[in-house]
Structure formats: structure tokens, C-alpha cells
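Number of protein chains: 2
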Amino acid sequence: MNKIGKFRVIHQDGIARVGKLSTLHGTINTPIFMPVGTRGCVKSLSPQDLDEIGSEIILGNTYHLYLRPGDDLIKKLGGLHRFSGWYRPILTDSGGFQVFSLSPLRKISDQGVLFRSHIDGSKHMFTPSKVISIQENLGSDIMMVLDECVPYGTDYEYTKKSLALTTKWARECYNARTNSHQLLFGIVQGGFFPDLREESAKQLSAIPFDGFAIGGLSVGEPKDVMFNILEKTVPLLPLERPRYLMGVGKPLDIIKAIEMGVDMFDCVLPTRNARNGTLYTSIGKINIKKQEFKQDESPLDPNCTCYTCRNFSRAYLRHLYTTKELLSYRLNTIHNLSYYLNLVKEARYHIKNKTFSQFKDKIEETFKQS
Amino acid sequence: MNKIGKFRVIHQDGIARVGKLSTLHGTINTPIFMPVGTRGCVKSLSPQDLDEIGSEIILGNTYHLYLRPGDDLIKKLGGLHRFSGWYRPILTDSGGFQVFSLSPLRKISDQGVLFRSHIDGSKHMFTPSKVISIQENLGSDIMMVLDECVPYGTDYEYTKKSLALTTKWARECYNARTNSHQLLFGIVQGGFFPDLREESAKQLSAIPFDGFAIGGLSVGEPKDVMFNILEKTVPLLPLERPRYLMGVGKPLDIIKAIEMGVDMFDCVLPTRNARNGTLYTSIGKINIKKQEFKQDESPLDPNCTCYTCRNFSRAYLRHLYTTKELLSYRLNTIHNLSYYLNLVKEARYHIKNKTFSQFKDKIEETFKQS
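Protein chains in written order, with this note's numbering: chain A, 1096 to 1465; chain B, 1096 to 1465.
Be a bit skeptical, because a hint or two may be false.
Because identical chains share one entry, a pair is satisfied inside a single copy or across any pair of copies.
Below 30 Å or equal to it, Euclidean Cα-Cα: the simulated DSSO-like pairs (lysine-lysine) are [stated by the list, open to error]:
#1 Lys1138 x Lys1419
#2 Lys1138 x Lys1380
#3 Lys1389 x Lys1138
#4 Lys1380 x Lys1171
#5 Lys1256 x Lys1449
Worth flagging that the hints you see were computed from the coordinates, not collected in a lab.
Input sequences plus hints: build the corresponding full structure.
This is how it looks when you write it as C-alpha cells:
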């Protein structure tokens, strides 16, 4: 067993790498995809479901859990693991991103960000020390620093100022932490300006974080712009620390980012799309509501071994979806997350075997057709 | 192994009895509760969930499945068991009840009932032979005859005429059946007139059905009126055939009916109430959304061993319910059905031990408090 926070790279293929990250609730194999469990629950799934599809770590949203049911309550009930019945690793974000995307009002200052709840309009303030305190109450295995995520198109000057604030907040978060059993990751910002990304990466690398996230990408910019920034940012981060690309993405995006040396991913895409009937398979993307599946007795994905694919036909999944049966959301989510978790598992296999480039070609081919 | 359709009474306590009914997909222990799987799915549950909570038989609705996805399609895909992934016994109703409760138009004649779909307004006709043909396409283990269920308050004359029609249809259904692997139950009607119930029971008993249902109760009448009719009807049915009280009911109603010699039950109450946050427990009915459960870390029911009670607190269940998480519906449904299935299991135990009367007192006490 390794020290909590220890990250070991055990295989490499080019810059792509396979690693192991030790946390208080177990070791995570990287590259890894983290299903999003916004309010202490991955929508429609139980902890048993998550176990069965091979989830190693899930994500919880600090903003949502702070508002409902409240981090104090969760602490009182023994922390988020016990509250939700999920006893493997949990990463929590800082809540900053949701403040910027959900709050009807936000006022940013050196101290932090003042916002209104999207639920009842009540006023709240997130400061660096506050978001650490909340995440310590939640008891997550990996905490994230408070940062400002600037929209695509923000000018150089604002981005530079914002980046300085993000670094200041990162340092304050680091200093606010009261225990080292909960890991803390810094977040690189800097918008779409390579020199600012470099500045951010350098400043953050000087703080002994347990890992580094790349934030502010996948916010509406063209794909090539994102990968261009990513390619330049990753090499500036410490080799011996895990790298987490926040909020990305589609299967091929994940594979491309792994090729560039990214270790961790989260995204609502597989879960949200599942609820909309869009399903990822080894033969491309499928929309289960299509008429062509009405009499189709084959499994959703002939190459998948998840509960959904083992037991049900496309015809039944279409029936559940078109009649809005609650089971539809769960069976679709089980499949899409199985697809994503299998994708990163295969990625690990191909890195180990030095065949990652061929694997990437295969995934590229799969999603070209659909 | 017994012949398909064989019903054996193995224990008795007064008129209450424990039996075993053989069907093509396995043997059912009676008294039994049958979860309602309207459209080929018990709302929010997978077949695995149903297995885990100990369901022995579920119900499917002919009206709904005929309209969507269609019995022809289900037949083509191998029948309802294969379509839904549930390989234990299934009972299907005749569809008549839904025609009367859901269709915006219905026109009854000697031949059958003409109705409009509540989904798209299209016109359809259910005749005795049609509903048997649909149920044969579905491949259910127990089929029900087409009947007319008259509302509470219907006069003597109409009820008498309707009863004659129900008997005529029952005979036609019996003659329309093309195989004996799918059992067929008759349905006693006669409204709230003891002499008409007697007439119905006598006429139906003359047809060699595999079992007999008591229909037309729990349609808005006072409880004592229902039990009065039930008490007079059951003794008129053949001792050696299972008796099924349709659409009943609350836990105590089921226990009282078992005491009167009923063997089978179905009701949407446990599943529908689960989705509304109303939960049945060994200490009475609980409304999970109540403020008092906000910090309650105890299990929903301290005496229950279901997945929900083993793994989650009332506080978490309240959180899921108030934030409308999809998992809420499933965890609540798992619990309520576990409660119902455990209730009939305990009933069987107490009949075997000749302690049924004490058991009834206990259940009476439990629900007096809530």
C-alpha cells in the first residue's frame, strides 16, 4: 500500500501513461473516467450499480451539496461516503464552476465570489477557505481549489488578471487545508493564451499540490483550439503528479487527451446523453428512439457485457424510452458509463502494450461513422 | 413437479390457506402479492431488482401492451418474458378494466367493447376472443377473461344484465383459448348485491377455469361493504382453485382478505406510493419528505433487510426525494415492494403455524398508529 496521495506512473506509451493514485478510500487506476454524481448520487444509479460497472471514483458537486442538503448536515451524518453509500474514492469540485454557470447573480472580488442560490435566491459567499472547509466537511478524497473559469472569448487583460486571482486563491486554498488525507488539486487557467497558460502552470507547480487540473477548456471553443492549448499546457505540469482535464468529454476527446498525457476525466455527457436516449457503442453513437430499432432484438452493443446489453434488446430499450419508463434512464446510464469505463480500461491496456496509437485510430474510425 | 395449473393447498388456519400454484415459468407460493408491471416493467425496477426482493410473479397490463409496443411485436420478439427480461411467472389482465378507466370513449355490446386509445385516439375493439389472442401473443402464465366492472352505485338491474354478459364473455374466453400452458382465470362480478355475486360465482364455477378472481371491489365503496361482499363471495368459489382479489390493497386489507381465504393480490399502491414518498414500514406508514427525517441516520425500517434499508439513511432518502433524484423512485419502490412481499411471506408462515389471527392483530396495530 502506498502513502495517501502517492501517484506512480507504471507504464508509458509516448506521453500517454498508466498510473496508480492512492487515496484514503482506495487506489485509482489512471487514465480514469469519473462519473458525475452531482447531488451525492450519479443520476438514476445506486452505489451497487456503480460498483458493477467498474467505477473507481465518482465526482460530487460542492455547490449543489452545499445548498442541499448542506455540508454541515453531511458532516454530521459521517461524510459524503456514508451519506451516499458509496465507499470508494470521491472527488469534489470547488463549486466555482457552478456559481458561474448556475447562479443568477455573482460578484467576484479578491476575497471570493458572492452569489445567489439558483434554488431559493439566498445569498452566499464562496472564499478559498470556505470551499476547502465545505469539501473537508464532505470528506471527499480529492478536493479542488477555487478558481475563476473565464468564458471563451475573454480578452487578454481580463484573463491575465483573473489568472493572478486564481493563483492567489489556489495558495489560500492550500493554506486552508487542515489535513493531508484529503488530497488537493490545483487548477491551471489562462484562457486561450499560451503564455498565460504557461504562467499559470508555473505558478501553480510551485505549490505542492497532489495533482493538477486543467480548467477553462471545453467552454465553447473549437476542438482544435482546445487541443492546441492542452498540448502546450500538459508538458508544463509536474510529471510525477496526476493531471485532470475538467469537463471533457466525448470518447475521442478523452482518447486524444490521454495521448497528450492526461490522467483523469469527468463529464456529464455519458449520463446526460443516456437520459436523452443517445448511447455510445463499439459501432458508434445510437439514438435508441429511432423507428429502426422497433423490432430489433439484438443487444444495444454486441461487444458490451454490461447488465443492459446482457439482458435486453434494442426493441425493449426503445419501448422503455418511448413510454418514458423510469427504468429507461437507468439501463441507458449503466450502458453509457460502462462504455466510458471500458474505454479508459482499454486505453490503459493499450498504453501498457505500446499500441495506443492504433487504439486511437480505432476509436476515431468508430465515431467517424456515426 | 406438478402439472401446469395444479394448485395444492398445503396448510390452513381457519379459512386462510397456504398453497402452491404451478405455472409454465415456475411455482408460486400463495398467499402472494403481485407487483404491477404495467408496460412490461415494474416502474423503476429491473428484473434483477424484482428477483432480489423476492417477487414470484408480476402483472402486466394487456391494454397498455396491446397499444404499445403491440402484442404482435412482443410475440415476434419471443413473448413478454423474453422482451422484458423477466423469466418468472407473469399474469396479464384482460385489458377491460383499463378500457373502462382510461379510454375517452367506450361502447359496450354483446360482442365486446369498442374504445379509443388514450394515447392517440385510435379506435379498437376488445372481444373475448381478441383479449385471449392478445394474452396468448404476450405469452403470460395466467390470463384473465374479459369482464365488465361496474362502478360502485350501479343499480340492480344494470348489474344483473352486466353480470350475464360477463358470464357469456367468460365462456367465450374459455372457448377461445388455444393452449392449456397458459392458465385462465374467470372473474366474479355482481356489484354489491350478494345474490348477484352468488349467481356469478355459480355460473363461473361451472366453467373449468384454473382460478377465480373477484373483480369489481375496491372501486370506491366503504371498506366494510367490500369485506361484506368478499366474505360472502369466497365460500362460493371452488376450494381447490386459487382465488385472486383484483386491485387490493393496503397491507391490512390484504391480511383481512387472506383471513377470508384469498390467495392472490395485485395493487399499484406500494409502487405508486413509493414514487410519492409514502413508505410502508414495520412501524407504520412514513412520509419520507417530512422535515423530521432531515438528520435521521436510521434506516427507513429498522426491521427490514431490503437493499434500501441495508444501505441508506432516512436522511439520504429524504434528500433524494426532495431533490427529485431518479434513484429515489427506485430505492423507495424496492422498499415498499419488499414490505408487501415480506407481509405475504409472514402471512404464509403464520398460517402454517396457526398463528394468523395474532399476526393480523399485529398488522392492525401497526397501521392504527400511522
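Handout entry: Non-conforming hints, listed in increasing numerical order
Key = 5
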